[in-house]
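Once you've looked at the hints, dock chains B and C against the given chain A.
Protein chains in written order, with the numbering used here: chain A, 124 to 494; chain B, 3 to 512; chain C, 11 to 428.
Keep in mind the hints are simulated off the structure, nothing from the lab. Bear in mind the structure is a predicted one, so any value in this text is a computation, not a measurement. Using N, Cα and C, we set each Cβ at its ideal position, and we do this for glycine too. Possibly wrong hints are sitting among the right ones.
[What the hints assert, rightly or not] Derived Cβ-Cβ restraints for the label pairs, each shown as a range:
1. Gly129(C) with Gly68(B): 36 to 46 Å
2. Leu362(C) with Thr271(B): 45 to 55 Å
3. Met25(C) with Gly113(B): 22 to 32 Å
4. Phe359(A) with Gly322(B): 42 to 52 Å
One letter stands for each residue in the lines below.
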Amino acid sequence: MTGRRIMMALAPPVVAIVFSVALSSVVLLIAGTSPWEAWREMLSYGSSLGALVETGNRATQLYLAGIAVAIGFRMNLFNIGVEGQYMLAALVSAAVGAAVNLPPILHVALIMAVAMSVGSLYAGVAGYLKVTRGVHEVISTIMLNAIALSTIGYLLRTWLDDGDDTTLNITTPEIAPSGRFPNLNGMVEMFTREIGRGRELWGFLLIAIVVGVLFHLFLTRTRAGFDLRATGLNPFAAEASGVDPRATVVRAMLLSGAVAGLIGLPEILGDSYKYDLGFTRGLGFTGIAIALIGRNHPAGVAVGALLFGWLDSAAPILDVVGDTPREIVSILQGVVVLSAVVAYEVVNRIRRAQEARDAASATQRTLEPTS
Amino acid sequence: MTTLAVELSGITKRYPGVVANDAVNLQVAEGEIHAVVGENGAGKSTLMKILYGMQSPDEGRMLVQGAEVQFSSPAEAIAHGIGMVHQHFMLADNLTVLENVVLGAEPQKRGFIDREAARRDLEHLGASYGLDIHPDDLVETLEVGERQRVEIIKVLYRGARILILDEPTSVLVPQEVEELFRNLRELKARGHTILFIDHKLEEVLAIADTVTVLRQGRTMATVDPKRVTASELAELMVGSELPSPSTEPRAVDDHVSLSLSDVTVLDETKRPALDNVSLAVRRGEILGVAGVEGNGQGELIEAILGLRSIEDGGQILLDGEEISTWSVRRRREARIGYVPEDRHRRGLLLDAPLWENAMLGHQTMEPFARGPLLDRGRSREATTRIVKDFDVRTPSIDTSARALSGGNQQKLVIGREMAASPRLLIAAHPTRGIDVGAQAAVWEELRTARRNGLALLLISADLEELLGLADRLVVMLRGRVAAELDPATTTPRQLGGYMTGAEDVTGDKE
Amino acid sequence: MRHPTLRDSVVMRWMVAALGLVIALSLTQDLARPETTDLISAGTAESTLRRAIPILLAGLGGIWAERAGVVNIGLEGMMILGTWFGAWGALEFGPWWGLAIGIAGGAAGGLLHAVATVGFGVDHIISGVAINILAPALARFLSGEVFAARSGGGITQSPRVDSVGHGDLPFVSGGDLFGWSTPDLFGWLSDQGWFLVSDLFALLSGITSNVSWATLLALLLVPASVVILWRTSLGLRIRAAGEHPVAADSLGVNVYRMKTLAVVVSGGLAGFGGAFIAIEQTGIYREAQVQGRGFIGLATVIFGNWQPVGAFLGSMLFGFADALQLRDRTAVHALLLLVGVALAALAVRAVLRRRPAAGTGFAALALVVLWWYSVSEEVMRELPPITPHVATLLVLVFASGRLRMPAANGLRYRRGQE
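So here's chain A without its partners, still in its complex pose:
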């Protein structure tokens, strides 16, 4: 990649972030609080070791969510159902994980396999409806999200509840230690001081990195990945080139759902060891934002995940210090998404005009302007 290309790739997210910070600052000024104080507090708190560990954990979840959505987006498939897929997968895999007792690696592998299968199948429903009945996946996955949440409520209430738990919480039984993912505190503490306060850097971070690498290799190095990208770029040309459009749609949804299934595992395998009412929601929707910011590229999604993860972990300080409402961070995030999307479009247009100029001069004729 040439220097200019890298700059063109980085410009939109950078512009988006700068613009969003500026806009949010204006909002804060109007609301009568000081933006400088807010950003300063966030930066100082956010650079503490504890907050960074929190960032890492959040980013792990968000990265998996972003990749799950990006797989679909690459094919112009809008899998908004990541939310329902990951929650359903989390519940079922937690319940299964608690019900068995296997040697450590096998136990974790089983939980992961169950989670990926559940997410995959549930996404597959939407994929199937799309190829057989032409149901648009945006609406169907959103409906399926609601159905998933209801199903989870029903399952928790009737079958999967842990009878031994005496609190008002409804939860699945706890997973035995062999089914837990070790944390990375030891590795981190080799470079820094002790993390302390019981905080742990979830080990699932490593799995997330592996998923990202596999995604990149899949897209750029495999035939199936080429077919997927081609269908996203031009389904008609892809079909004429031999790609089976319906099979590809289903395959993409299954893959997307499988990755979605992993989203809940960092928390379950690294922190709570069960599924209960306190389980983190909303990651699926945030994943959409991350995928949009990261332009569906494994590295870009990582940047988006780290950004949002950091913002989420630094935000709580605003509740404690100063009079800035914490919700400004949500606005910041919302504006970043919208402005990133616009910025990409503008940069794209500039790039295309430049390419057309280069290509035209290469032809050395004074003819046809465009095709």
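Below, chains B and C without anything else, positioned relative to chain A:
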């Protein structure tokens, strides 16, 4: 001295890297039929778009009826009495004829569209100019000739005195062209001025009062058609004789590469779009398929490729093997090549780099892939070879396909198909919309491939191309093979007759 | 070549289908007696209408945008803006102002979507998704600023607001006319207990008594949309922008302006829907109360074949599903009988059309549903809240028939590019 309806002087228009119009001068007298000719890419369309207000010139002046004007939108051109009939019809399929005609100039009655007044006016116009249309038809139900009539009524409805027609005959067969020229003469008799763009020289000589020739964005000459011959005009257009596809003795053998028997394809309403079609293409032979668009050619291509399924009872054989149950991928892997009619839609990934486009259709085969993985290195090498061998002008193989000109895009598509050594090539309108240089190159490639034993199915609306390249011709009409002809002994006029059904197989005229 | 206008025949077909559904419900209720009397009753009808209005408004919003060629996935976000600004407006200035400000809030969201898609050429669905992310964030922030300080309010909800007022329609439901009370015809007819007829009039009584003025206003928007889009210049130009923008441009129509206008109207309609939820339905702004109704509204657009009347019928259908969950769980249970019978009918039809695979599939499903109905007394409590979502899914699955989307819907349009 006759007044000038339109005078353009010194019109210049630049695009990134290209000068589309270079100090062009044009003088159109009142009440005349004035033709603007030039090869594809000479700047004719751009000039007309400037006159119609769809583009603004970078330099130059425009005078209409002696008054200087500057149009920033078609609305202003319309207000000055200029109307444009586009080459690609600008009609919304889901709206009625009436709605399409009055759009933007709707007659009002108490805040609502006055449909009765509009209907009256339309029928009046139709009657007085001899243009037969029905206001309440949905446009999607109309045929090509009818749609063109709607386009003409559209401009007349807005009081156009000066009509611009952009390549009006490109979608018509000879009989329909005569009908159009009748209408044009009627318009001229009623005092309208007509400007039309064309590159078919016999037509131009038949209808025009004055001809202006453009080449590479500049005005070459303005001539009186009664005093020039077609070849002199051609020389002005390209600087030498127009290349024409010519036949050569073919070395065809009897081996049948592609054979269709009783192939039927149903459309969404369960009617046959292809009706018991049987044909055969031999090794080393070019079979031309002629026909007005929409008579089953598209379905024919899709059936052979596997994009559509055929009804029971039909058979498609490739080198003797039955392939009608095969997937598209399997057929492509069996070395069926495809040059699509619409390269943007079916042929290219516009936003992908050239080297990935070179893989399209062959991404599961050597040299592009090895097993389930892609071989980027060899793919790039192969692309570089294609670019060199087929003269695809591009700064690099990483350039997006979108950045290339139409001609270079088409060369890439043809190049990648040829480089895969197909045994059967399906080429649909392979030289549509590309400049003459590229056109000649494409024809040469097809001839070379035929010499090397390729079986080629050539679908085209360019009668010259068909008659020049094909060894045998079939005509498609309403989903059937209406005629089988020998290109050496068929004239364009006869061919047009079969295409419209005016002549039947026995040769009787309408 | 003559061609009958598509509209007439389709509208007729819907009316017949709607009537058929009403009859089916009435029969189901009779058969399932004494289990429930809520499947078809005045109370259910009233709830149905009330629940249908937000969906209808979202659907109209979807139609306006898509007729101009812009897909508006952001309807949900615009409804959220409508709920917030509606509640705030009602608190500050009164319920009618609340509606107006809610509409303005939704329209602002529409403007944002228009700028992104029409102005910058962003993909329609991506822009809509981004707005759906931004809107709740904005609502939460504003709530924190504005509502948290007041009693009864917090970052997730506002203090209570009043409705715009209700009335009964005169003559048919005993409403006052210029101060004189009129007879309640529908009410009397529904009390008679006549088979089928009384049920029908119970329905009509329910939707004409105690109706909110906002509801009537919303209903008027249906014929208004039809008239504007199909009988005026503006409407023709908007539709042309959605069918063939290049053609419209070549005739001097400002396509950008038409699309922007249509999308802003679309947002305004969604905003109205949101404001209606806050002011008429719940009487409060509460976070996450739109509950996907923006998307269900989009489903009515498809179901209604991009026609306002179709969207209205679709919204009534979904409103009915939505209303049932509030009534009682035995009503939903009785619905299982109807669904089971419908599936069985589909199975028979598939077999008659010589599609045995589909026939067996439907038959199997029918058996499952009917067995579920017979072995249980009521459905699990998690089912009623998602009845509208399930209904939406089922409708989309089975309604993929002869639909006619505007030809250039979803296309990124840039002027000057062929």
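Each hint, compared with the structure:
1. Gly129(C) with Gly68(B): 36 to 46 Å: 40 Å, holds
2. Leu362(C) with Thr271(B): 45 to 55 Å: 21 Å, violated
3. Met25(C) with Gly113(B): 22 to 32 Å: At 29 Å between Cβs, range holds.
4. Phe359(A) with Gly322(B): 42 to 52 Å: For Gly322(B) against Phe359(A), whose Cβ atoms are near 31 Å apart, the range 42 to 52 Å is violated.
The structure is inconsistent with the numbered hints 2 and 4, although it conforms to all the rest.
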